[in-house]
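Visitor: Here is how the chains run, residue by residue.
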Amino acid sequence: MLRTWRYFLPLAVFVGLLWFLYTGLSLNPREIPSALINKPTPSFELAQLHAPDKKLGNADMKGKVWLLNVWGSWCVSCRYEHPFLNQLAKEQVVPIIGLNWKDKPEDAKAWLAKFGDPYMASVSDLDGRTAIDFGVYGAPETFVIDATGMIRYKHTGPIDATVLREKLLPVIRELKKS
Amino acid sequence: MMHNLLANSSVGAAFRAFLARKARQCLAFILLFCGIVFAAHAQTATPEMPPMSPEMELRLKKLETELRCLVCQNQTLAESPAGLAGDLRREVRLLADQKKTDSEIKEHLRARYGDFVLYRPPVDGKTYLLWFGPFCLLIGGGIVLWMMGRRRKANALPAAAPVSSEVLARADAMLKDE
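Heads up: the sequence lines are chains A and B, in that order.
Following our numbering, the numbering of the first sequence begins with 82 at its first residue and continues without gaps.
Following our numbering, the numbering of the second sequence begins with 416 at its first residue and continues without gaps.
Honestly, the hints are just simulated from the structure, not real lab data.
One or more of the hints may lead you astray.
[Unchecked claim] DSBU-like cross-link-like pairs, simulated, lysine-lysine; straight-line CA separation at most 30 angstroms:
| no. | chain 1 | residue 1 | chain 2 | residue 2 |
| --- | --- | --- | --- | --- |
| 1 | A | K185 | A | K257 |
| 2 | B | K521 | A | K120 |
| 3 | B | K521 | B | K477 |
| 4 | A | K235 | B | K591 |
| 5 | A | K195 | A | K185 |
| 6 | A | K120 | A | K136 |
| 7 | B | K591 | A | K120 |
| 8 | A | K248 | B | K541 |
| 9 | B | K477 | B | K568 |
| 10 | A | K235 | B | K568 |
| 11 | A | K120 | A | K195 |
| 12 | B | K514 | A | K120 |
| 13 | B | K515 | A | K120 |
[To be verified] Rough simulated footprint, nothing fancy, chain A against chain B, three-plus residues with beta-carbon under 8 angstroms:
| no. | stretch |
| --- | --- |
| 14 | 495–502 |
| 15 | 519–528 |
| 16 | 553–566 |
[Stated by the list, open to error] One side of the interface only, derived from the structure: several residues of chain A facing chain B at Cβ under 8 angstroms:
| no. | residue |
| --- | --- |
| 17 | Y88 |
| 18 | P110 |
| 19 | I113 |
| 20 | P114 |
| 21 | P133 |
| 22 | I213 |
| 23 | D214 |
| 24 | G216 |
Predicted model, so just to flag it, every value in this text is computed and none were measured.
We treat Cβ as the ideally placed atom computed from N, Cα and C, and that holds for glycine.
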C-alpha cells in the first residue's frame, strides 16, 4: 500500500504543478482587483463639465444606486463602450456620473456632442487626483456604487453587451432590491 | 480559369465576404487593444512641481523604486514614462511635502491600488505562500535528498573482503588454462 502511494506521489506533485501553471495561463495580469470593493466611495467634489461654476460630489448621489464612469476624449476604448452607456442612459437604468479624467474640457464637450451624452453630469478631474483616490489606472473604468455610498463593483476596460448582461446589470439589480 | 471560377461562383463570393468580415474584426480588435494599452499614455502632461531639496529627491527616488507603475506593471514608479506614473510621482511628492513618512505614503497608495502597487508585498495570510513557499520547497528538497543519500548508503554492497595472494594465483592459473 505504502509503496504504490510512493510511486504516485511524483505524479500528484506534477499534476498540482500543472494546475498552477494552467491557472496562470488564464489569468489576466492587466486585471488588478480593486482595493476599494465594499469600501466607502472616496469623497470628491469637482466642477461640472457643462457648468464649471457648479460642483458635484459623491455626497449628492447618496440614496441612489449609481455608476461612476471614468472616461476621456483621448481614450479610444471609451469610444467603443460609449453606445452601451448611451443605451443604459436611454433606458434609465441608473444615473451615470462621468469622471472626465485629465481631459481638456472643450475636447470633452465636443466629444460628447459628437457621440452622445449618457451622463447625468460629468465632472472634470483636471489633475487626476480624484482618479488616484479611486485607484484608476487606465480608462475606461466603471464603478457601481450603492445607496449608502459603498463601492460594490468595478469593471476595468470597456463595457460591452456581455459585460453589461452578465456583470453590471445583475449587480445593479441586486443593489436596487436592497 | 481557376480564379474566374472562384470569382463567379457564389461560394467564392461568400468566401470573400467571410475574409472581409474577418479582416474587419481583426482591425477592430487591434484598434481596441491599442486603445487600452496606450490610453494612459495619451493623457495630458503632469504640471511641473517646484524644485525640491537633494535629500528629498534622494528619499523619493528610493521610495519610488519600491512602488509599481500600474500601467507598465513591470516598471517602478521611478523609471516609468507613463502618464499615470507621473501623476503618482506627484502624489508621492505632495504627501511627502505634508510630512508623511515613507510607510504612510505606501499605505496611502495601497489603500487605493491594493498590494499590487508595492514591489515588496506585506507578510500576511494571503502572502504566506509567496514569502515562505520557496523556503519550504528548499527544505523539503533537502530532506528528500538527505533521505535518498541515507538509503543509498544502507543499500550499498558491503566492501569486498581483501583477496589473498593464493586465490589470485589460482585465478591467474585458471585464466591461462583457457
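Visitor: With reference to the structure, classify each hint as holding or not holding.
Guide: These are the hints, each one checked on the structure:
1. K185(A) / K257(A): Status violated; Cα separation ~34 angstroms.
2. K521(B) / K120(A): holds (18 angstroms)
3. K521(B) / K477(B): Distance of about 12 angstroms is within 30 angstroms: holds.
4. K235(A) / K591(B): violated (91 angstroms)
5. K195(A) / K185(A): holds (15 angstroms)
6. K120(A) / K136(A): Holds, at roughly 23 angstroms.
7. K591(B) / K120(A): violated (95 angstroms)
8. K248(A) / K541(B): holds (26 angstroms)
9. K477(B) / K568(B): violated (53 angstroms)
10. K235(A) / K568(B): violated (60 angstroms)
11. K120(A) / K195(A): violated (35 angstroms)
12. K514(B) / K120(A): holds (26 angstroms)
13. K515(B) / K120(A): Status holds; Cα separation ~23 angstroms.
14. 495–502: holds (count 3)
15. 519–528: holds (count 4)
16. 553–566: Three-residue rule not met by the stretch 553–566 of chain B, so violated; n is 0.
17. Y88: Interface hint status for Y88(A): violated (15 angstroms vs cutoff 8 angstroms).
18. P110: Status holds, d = 6 angstroms.
19. I113: Constraint on I113(A) satisfied, holds at 5 angstroms.
20. P114: Check passed: Cβ of P114(A) comes within 6 angstroms of chain B, closer than 8 angstroms.
21. P133: The hint is violated - P133(A) has no Cβ within 8 angstroms of chain B, the shortest such distance being about 17 angstroms.
22. I213: OK, holds: I213(A) within 8 angstroms of chain B, min 6 angstroms.
23. D214: holds (6 angstroms)
24. G216: holds (4 angstroms)
The structure fails to meet hints 1, 4, 7, 9, 10, 11, 16, 17, 21 from the earlier list, while all remaining hints are met.
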